[in-house]
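Engineer: Chains as they are written, first to last, in the UniProt record's numbering: chain A, 1 to 97; chain B, 1 to 97; chain C, 1 to 97; chain D, 1 to 97; chain E, 1 to 97; chain F, 1 to 97; chain G, 1 to 97; chain H, 1 to 97; chain I, 1 to 97; chain J, 1 to 97.
The set of hints was computed from the structure by calculation and includes no laboratory data. Note that the Cβ used here is the ideal one computed from N, Cα and C, for glycine as well. Mixed in with the good hints, there may be bad ones.
Computed Cβ-Cβ distance ranges for the label pairs, DEER-style [as the list claims (entries may be wrong)]:
(1) B:R20 <-> J:R13: 55 to 63 Å
(2) C:R13 <-> B:V24: 43 to 51 Å
(3) A:E22 <-> I:P75: 52 to 60 Å
(4) E:D8 <-> D:P59: 30 to 38 Å
(5) E:D18 <-> I:V9: 53 to 61 Å
Below, computed lysine-lysine pairings styled on DSBU-like, alpha-carbon distance capped at 35 Å [said to hold, decoys possible]:
(6) D:K28 <-> F:K28
(7) B:K28 <-> C:K28
(8) D:K28 <-> A:K28
(9) I:K28 <-> G:K28
(10) F:K28 <-> H:K28
(11) G:K28 <-> E:K28
(12) I:K28 <-> B:K28
Protein chains: 10
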Amino acid sequence: MLFHVRMDVAIPRDLDPDERTELVTTEKARALQLQREGTWVHLWRVVGQYSNISIFDVPDATAMHDLLWSLPLFPFMTVQVTALTEHPSALSANPAP
Amino acid sequence: MLFHVRMDVAIPRDLDPDERTELVTTEKARALQLQREGTWVHLWRVVGQYSNISIFDVPDATAMHDLLWSLPLFPFMTVQVTALTEHPSALSANPAP
Amino acid sequence: MLFHVRMDVAIPRDLDPDERTELVTTEKARALQLQREGTWVHLWRVVGQYSNISIFDVPDATAMHDLLWSLPLFPFMTVQVTALTEHPSALSANPAP
Amino acid sequence: MLFHVRMDVAIPRDLDPDERTELVTTEKARALQLQREGTWVHLWRVVGQYSNISIFDVPDATAMHDLLWSLPLFPFMTVQVTALTEHPSALSANPAP
Amino acid sequence: MLFHVRMDVAIPRDLDPDERTELVTTEKARALQLQREGTWVHLWRVVGQYSNISIFDVPDATAMHDLLWSLPLFPFMTVQVTALTEHPSALSANPAP
Amino acid sequence: MLFHVRMDVAIPRDLDPDERTELVTTEKARALQLQREGTWVHLWRVVGQYSNISIFDVPDATAMHDLLWSLPLFPFMTVQVTALTEHPSALSANPAP
Amino acid sequence: MLFHVRMDVAIPRDLDPDERTELVTTEKARALQLQREGTWVHLWRVVGQYSNISIFDVPDATAMHDLLWSLPLFPFMTVQVTALTEHPSALSANPAP
Amino acid sequence: MLFHVRMDVAIPRDLDPDERTELVTTEKARALQLQREGTWVHLWRVVGQYSNISIFDVPDATAMHDLLWSLPLFPFMTVQVTALTEHPSALSANPAP
Amino acid sequence: MLFHVRMDVAIPRDLDPDERTELVTTEKARALQLQREGTWVHLWRVVGQYSNISIFDVPDATAMHDLLWSLPLFPFMTVQVTALTEHPSALSANPAP
Amino acid sequence: MLFHVRMDVAIPRDLDPDERTELVTTEKARALQLQREGTWVHLWRVVGQYSNISIFDVPDATAMHDLLWSLPLFPFMTVQVTALTEHPSALSANPAP
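With the rest of the complex left out, here is chain A (with noise of 0.2 Å):
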């Protein structure tokens, strides 16, 4: 079941650097973790903003609240998420003859 996500990241000024540095760090390779077990399906940068737009892959919705919940950056994230289904004009829904 396919989610698109997008998170607005704001991290405050005031948090200690170092914990900064291990949040975007650890949250980088959970991303890359996802990203390789075909989880997290795509992963792009808005431009111009500290902002991603993602699509996910996932069982079900409490899988889809459960990872987001989970990311390091979460406290930091202003995230929407909308639900997609395949488009009836889309190329899987319409196989070659």
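With the hints as your guide, set chains B, C, D, E, F, G, H, I and J onto chain A.
Structural biologist: This is chains B, C, D, E, F, G, H, I and J only, laid out in the frame that chain A set:
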């Protein structure tokens, strides 16, 4: 170059039914063609809406505009365009060693 | 899987009265059927609005979309869909010892 | 009488950790108690948010206000309250013949 | 139980003039009747708008909904409903010693 | 002359507790005094919010501003002011024959 | 008593041209008359909009409402009304010694 | 050339009281001076807000910007600037015959 | 004097096709003329929208208003006007030594 | 490829004054350099705001993002990015015969 586009469709109730069918059919054919050509990279339906979220891979902004402007349903769409770039935590930016 | 859906209905004034009656009657029958089947779990009226707030229990997002899209009044609704999951403080997540 | 309530929680980063734990623990205990008493009828987590959507069954608006105002996390919540009533297409309004 | 309601009226230009007169006359008669019965407690005009701000005293939310839904001009109103309760600094909550 | 005012209160967490108590106590005393004088005509709590909806009867707009500006909690309020006038369907405008 | 009013005008395309001319002509005559009487104190055009920003000096809110409601173009305006009072830094509040 | 400006002031609570007094005093002196010079043509207080609505008569947009930027309270203001022009129904555009 | 203007165009579907063609053709001719005269300094298309972002160099606000008001498509545009001035970091404000 | 960017700057009050000076000075030097290189094509100040509206000419969206992300004041900016293309009525698209 990648663009993230959301299209919300609102076909007027009083559009001639044949014209409507023609528009929707042509739109679908065009979407399939552009997907096969690798330009319309992703096309998802937003759950509960007459809307899609799409990713386009185009040479530049002019190509993006011309493509959207030429869609049969363009006059009946509200369109949001967001420029994307590679995320530093994407797999593509972090090749395995 | 649970979805929270708000539907705001706005039937055009110039809709043929018979068509309107037909739509509203069919919508009601469909709502009752889906409630009896356990899919449309809750259905409440918002006070002072031609709107409802509903909870659906569906296999996945595709089922949710197909259900909403097929509602007779769908063309005249503004729909907001929110994915839900179990709350850690819900009774279901905290069985009595 | 039924109310639909959405609560978005934002606990300040600089809250004393013990106070935070105390608040969250007390909030959970209170939520469970109110669910067992049949007042807090439904409690769902919104996917990807530190938020819940809840249904309360209370004698009147005053009881609703007092309950919300007395929640341990109330000072850190943004709350939206919507009065509900029975929907004419609900099963409860359409008893089987 | 008290509800605060704002009604913004927008009667379509193309409504039949007789029907318009009938609606406005019936609406006024109904408003006067409900005021005399003590249900429509306050009714004020918002300066510069075709709008009113009203206070209703009704048994419960269902009565509030049924009243609003049955107003002759309801189909042409945008309605905002807010549940009220006694304020701890109101005179009624602070009887003179 | 009548004004409709909504006040949303947000007292900063780090305000000195004694100062907070003093402010809230003085605010309440002032509200009671103004109600007894017939200036603060109505004062209701909005359900689920640290907010009130009030009706003031003042000689003119300057009196309204001076009253609001002098409230002890004014620096911590978001205030919305709406001028009211008699509604043509109000009882007061339609004396019984 | 002073009110600040912004009026955004949107005359429907399908209004009869003669009626439109009549409305606009009458509106202008009324605006000039009210300016000469000292009621419509200021009247400015907003650059690039079919809108004006105006200052009215009226006895009270009821006079303000009646004036606006009686404008020929009122049915085609979106109106925002803001009550004003003397600013403590205005010249009028700070007479030269 | 005329500009309509709304300034909403929010002085931080933790500003040094002497600095605050100094800022407010200097702002007032500057406002009076600019009014005497005929640049700050009108200055009104918005009822119930720490806000003003002002009209400035300046040679051009650069003068408008420099004036606003140099106000002592500018760093604590939210400013909205709207360019004005003569209204075709203003007295100034319709000299008596 | 420079103004930044965004124009969003929405030509009604039921406009007579000849009138539409006439309007669009005249608009284009006028845009070209004003560009050649140095008044319409820049004119860009917003990607994916029937919109432009433009920079105008005009003597004053009145000239800006008259120009916009006289555009053939003005009745079908939503217009946003923003006054500009030289930026202190612009090359023009920092001549090479 | 052209991008339209609006940057609204909000430097925190408690930033160290030397750091602030350093940031603003470096930002200006960078802006001048990018203008001289032909990348930052236009840079205007918005009247009455600590904001600029800019046009950039960059090879692609990635270059646009990297440029904005590397601006010294980027952490203190709200940034809006809009992709532009040639307008069909621009002089460049309509060479003189």
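Engineer: For every hint, state whether the structure bears it out.
Structural biologist: Okay, the hints, checked on the actual structure:
no.	hint	in the structure
1	B:R20 <-> J:R13: 55 to 63 Å	holds, 57 Å
2	C:R13 <-> B:V24: 43 to 51 Å	violated, 26 Å
3	A:E22 <-> I:P75: 52 to 60 Å	holds, 58 Å
4	E:D8 <-> D:P59: 30 to 38 Å	holds, 31 Å
5	E:D18 <-> I:V9: 53 to 61 Å	violated, 39 Å
6	D:K28 <-> F:K28	holds, 32 Å
7	B:K28 <-> C:K28	holds, 32 Å
8	D:K28 <-> A:K28	holds, 32 Å
9	I:K28 <-> G:K28	holds, 32 Å
10	F:K28 <-> H:K28	holds, 32 Å
11	G:K28 <-> E:K28	holds, 32 Å
12	I:K28 <-> B:K28	holds, 32 Å
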